[in-house]
Amino acid sequence: AQTVTQSQPEMSVQEAETVTLSCTYDTSESNYYLFWYKQPPSRQMILVIRQEAYKQQNATENRFSVNFQKAAKSFSLKISDSQLGDTAMYFCAFMKHQTGANNLFFGTGTRLTVIP
Amino acid sequence: GAVVSQHPSWVICKSGTSVKIECRSLDFQATTMFWYRQFPKQSLMLMATSNEGSKATYEQGVEKDKFLINHASLTLSTLTVTSAHPEDSSFYICSARSGAGGPGELFFGEGSRLTVL
Chain A
1 AQTVTQSQPE MSVQEAETVT LSCTYDTSES NYYLFWYKQP PSRQMILVIR QEAYKQQNAT
61 ENRFSVNFQK AAKSFSLKIS DSQLGDTAMY FCAFMKHQTG ANNLFFGTGT RLTVIP
Chain B
1001 GAVVSQHPSW VICKSGTSVK IECRSLDFQA TTMFWYRQFP KQSLMLMATS NEGSKATYEQ
1061 GVEKDKFLIN HASLTLSTLT VTSAHPEDSS FYICSARSGA GGPGELFFGE GSRLTVL
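As given, the protein sequences belong to chains A and B, one line each in that order. Residues 1 to 116 (the numbering used here) are what the first sequence spells out, left to right. Residues 1001 to 1117 (the numbering used here) are what the second sequence spells out, left to right.
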């Protein structure tokens, strides 16, 4: 079974500063995907960034980057130059890499508040 | 990117009635859709996997007779909460995979908030 753990229920950061959200996971799979999703107050889940486990290079998307440590099963999200629009719930998620239907296993989420 | 739309976005119903929630993939075909449930301030929990043309696969603990899922076409899946009770009040979210997305990427609907009085 796969489990995803987010140990920080809430975090806050000053606007323009950098914040890191933690995520660890447990799996016996050797190949998989990891994701960070953002859920703003509007409630629609938005993909922030994706990492494929077989890629050693950390994924980056503009102000968002990850620190993927496969051996440690750690997948943290760094948000640089935080903006007010970054205020949201952030979910770390895991998906097996296999053909056919695949569902996401979500962590419990971290509520991030960007303070003006 | 691909668009998934849910309707209604919110619904209030009386206890004992049934409510249907639709999930549509607007610009792609989805052979598989997923239905999640989210309680306030909690994570998304997978309820079932909806497969076009066949029966849904339910997660352990989810009552299939209470949460009826139908995936009659490649662009539409429906979740019907039968004989709803206040404890069924929740936020229901669907998702689907599109070939337009990156590897493993799922696209989510806006969610449907159900309140049972």
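One thing to keep in mind: the hints can contain errors.
Stated by the list, open to error - Residues on chain B that point at chain A, a partial pick, calculated with CB under 8 Å:
hint	residue
1	W1010
2	F1039
3	Q1042
4	S1043
5	L1044
6	E1052
7	Y1058
8	E1105
9	G1111
10	L1114
11	V1116
12	L1117
Unchecked claim - Computed far set for chain A versus chain B, every beta-carbon distance over 10 Å:
hint	residue
13	Q44
14	T108
15	G109
The hints are simulated quantities; they were obtained by calculation from the structure and are not laboratory data. By construction, the Cβ of each residue, glycine as well, lies at the ideal position given by its N, Cα and C atoms.
Take the shortest C-beta to C-beta distance between E1105(B) and chain A; is it under 8 Å?
holds, 6 Å
For the restraint on Q1042(B), tell me whether the closest CB of chain A is nearer than 8 Å.
holds, 7 Å
Test the statement that Q44(A) is away from the interface with chain B: the closest C-beta pair must be farther apart than 10 Å.
violated, 5 Å
Hey, does the W1010(B) contact hint survive, CB to chain A under 8 Å?
violated, 10 Å
May I ask you to check that T108(A) keeps its beta-carbon over 10 Å from the closest beta-carbon of chain B?
violated, 5 Å
L1114(B) as chain A interface residue, shortest Cβ-Cβ below 8 Å
violated, 13 Å
Chain A contact restraint for S1043(B) - C-beta distance below 8 Å
holds, 5 Å
Does the nearest C-beta of chain A fall within a distance shorter than 8 Å of the C-beta of L1117(B)?
Where the cut-off is 8 Å and the nearest Cβ of chain A is about 21 Å from L1117(B), the hint is violated.
Would the stated hint for F1039(B) survive a check requiring a Cβ distance to chain A of less than 8 Å?
Check failed: Cβ of F1039(B) comes no nearer than 11 Å to chain A, outside 8 Å.
Holds or violated: is the Cβ of G1111(B) closer than 8 Å to a Cβ in chain A?
holds, 5 Å
V1116(B) as chain A interface residue, shortest Cβ-Cβ below 8 Å:
Not OK, violated: V1116(B) not within 8 Å of chain A, min 18 Å.
Per the CB criterion, is E1052(B) less than 8 Å away from chain A?
violated, 11 Å
Hints 1, 2, 6, 7, 10, 11, 12, 13, 14 and 15 from the earlier list are contradicted by this structure; the remaining hints agree with it.
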